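Engineer: If you read the protein sequences in the order shown, they are chains A and B. Going by the numbering used here, the first sequence opens with residue 1, and the numbers climb by one from there. Going by the numbering used here, the second sequence opens with residue 1, and the numbers climb by one from there.
In short, the hints are calculated from the structure, not lab data. There may be inaccurate statements among the hints.
As the list claims (entries may be wrong) - Computed list of chain B residues with no C-beta within reach of chain A, every gap over 10 Å: (1) R87; (2) E114; (3) V137; (4) E143.
Claimed, not checked - Covered by chain B, according to a simulated footprint, are these stretches of chain A (three or more residues, beta-carbon under 8 Å): (5) 10–24; (6) 276–288; (7) 293–303; (8) 316–327.
In this text, all values refer to a predicted model and were calculated from it rather than measured experimentally. Cβ coordinates follow ideal geometry from the N, Cα and C atoms, glycine included.
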Amino acid sequence: MTIDLSERVESVGPSGIRRFFEIAEERDDVISLGVGEPDFSTPWAARDAAIASLEQGKTSYTANRGKRELREAISGYVDDRFDLEYGADEEILVTAGASEAVDLAFRAVVDPGDTVAIAQPSYISYEPGVIFAGGEVLPVPTREEDDFRLTVSQLEAAGAADADVLVICYPNNPTGAIMTREDLEPVAAFARENDLTVLADEIYAELTYDGEHTSIATLEGMRERTIVFNGFSKAHAMTGLRLGYALGPAETIGAMNRIHQYTMLSAPTTPQYAALEALDTCADDVREMVEQYDRRRRFVLSRFREIGMPCFEAKGAFYVFPEVPSGWSSEEFAETLLEEQGVAAVPGDVFGEGAAGHLRVSYATGLEDLKEALNRIEAFLEEHEPIASSADP
Amino acid sequence: MSEREVLELLRENARYSTADIARMTDLEESAVEATIESLEEAGVICGYQPVVDWDELEDERVRAEVELNVMLDRETGYGDIAERLARFPQVTALRLVSGDYDFDMEVEGDSIREVSQFISEKVAPVPEITQTVTHYVMTSYKENGIELGDGDDDDRLSVSP
Ligand SMILES: Cc1ncc(COP(=O)(O)O)c(C=O)c1O
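Use the sequences and the hints to build the structure in full.
Structural biologist: Take a look at the structure:
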């Protein structure tokens, strides 16, 4: 006998990232530009606070919504940094990573048959999340000529006016695109006109290198229809501690908490102490990491320009999204590059529509490795130039 | 300011090429070169040296931190004493500090004998020096902002979402 799996699960395959990971793992001399998490460790003060909480035996559950002091600190932080005003009592939910918050939101707002429009290329968890919640996915491709920003014409062309929910993520994984207030205004208007609920994954908000991050929830008439996700994984380099949060209207957060209290009870306790300390005292550590990322970003963009691989100017997260030469699919390029030069970069296609012919290059890696990786890519291009151009139609 | 940024990058790694610094800062390479030159000329940048973990070498290298107390008189100031001590090649760093003693002096040599002899024969006899306390360095964990020893392993997955 075998256990009969649900159709929902069977309809979702393993991620393309996973497949590429397995190929990369077979070699040991690889420089990886494929890592989607910081290369820094959690700021020491935050780690120390976690250790101290363990020494004091603080290992029980917390309130379902998260420790009150932490929710208060989050409330102050998001207001201070992003003008997001959310009350600690009812409008903030602390979760096991932004991942859990995203999943809860889908389950809280998506009915079977509801359509969820997803601006793509996008982080790989949204689509399966929608399917697990019984919804239908509507990909809305963004375009390189728009700097991978979401536009109303793309929303209209995809038929998103009839959707129920819209998922956006800026600064974006995998493109590194950001959207300014002016860019967001028409999207917000579209959401209001078509009565869309907006799920805004802002986990990379701190990693914005040109101006300040604007949350779509701060635009007129958007607060009541938006759920914002953020967390400590990226800005505070706490991926393994699994802590994130959702911000939203009391009723929506209450609904998410209803699922959370039955399925998770409370986010892990030790990381909540780390997070509290991170918000209290680690702003300088964050600034220092952001400065480092920004230098690497400029370095990588300059090098792609020099070696003749077109690359739009990504201004957020820790990714750039160069275009592979014509004649190559992104998958072919990524696999051959890995095989011949030992450089791993994720083929864009795994991130959905609008990503074909691109690579996601992460610069969450030390400068020496970035230098060497770019040199190897340069050598790779030189070696393949004749083949690539003869394959040109 | 670009001067500050260039200085910061060189302090991070003095072997960054001017081309790489230009890429990281979006400055022209010629502007980076000019900035470094003016920092050198102004005496802001006084030199470039590697950060060495002596424990990784076969040869012994003895280092000591020496606390010095001095007695000033009308003719002799801190600067005069410092100038006299700084001339010795064995002295690798010399700082006037606040607290229980006056100077914090770093000394290097090939053996404990050499360093002790230097202190007893060259430093202690200086008339203004009233007391020396020598601390031999046993192990160094961090130098110039760089942690010594085996670096942290990168245990992240090589490819992740
Ligand atoms: C866009 C985006 N959202 C969410 C996550 C998951 O974050 P967390 O570690 O908080 O679950 C990631 C991680 O890669 C991400 O890139």
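Engineer: The structure should be examined with respect to each hint, and the outcome stated for every one.
Structural biologist: Verification of the supplied hints:
no.: 1; hint: R87; result: holds (38 Å)
no.: 2; hint: E114; result: holds (37 Å)
no.: 3; hint: V137; result: holds (24 Å)
no.: 4; hint: E143; result: holds (19 Å)
no.: 5; hint: 10–24; result: holds (count 5)
no.: 6; hint: 276–288; result: violated (count 0)
no.: 7; hint: 293–303; result: holds (count 6)
no.: 8; hint: 316–327; result: violated (count 0)
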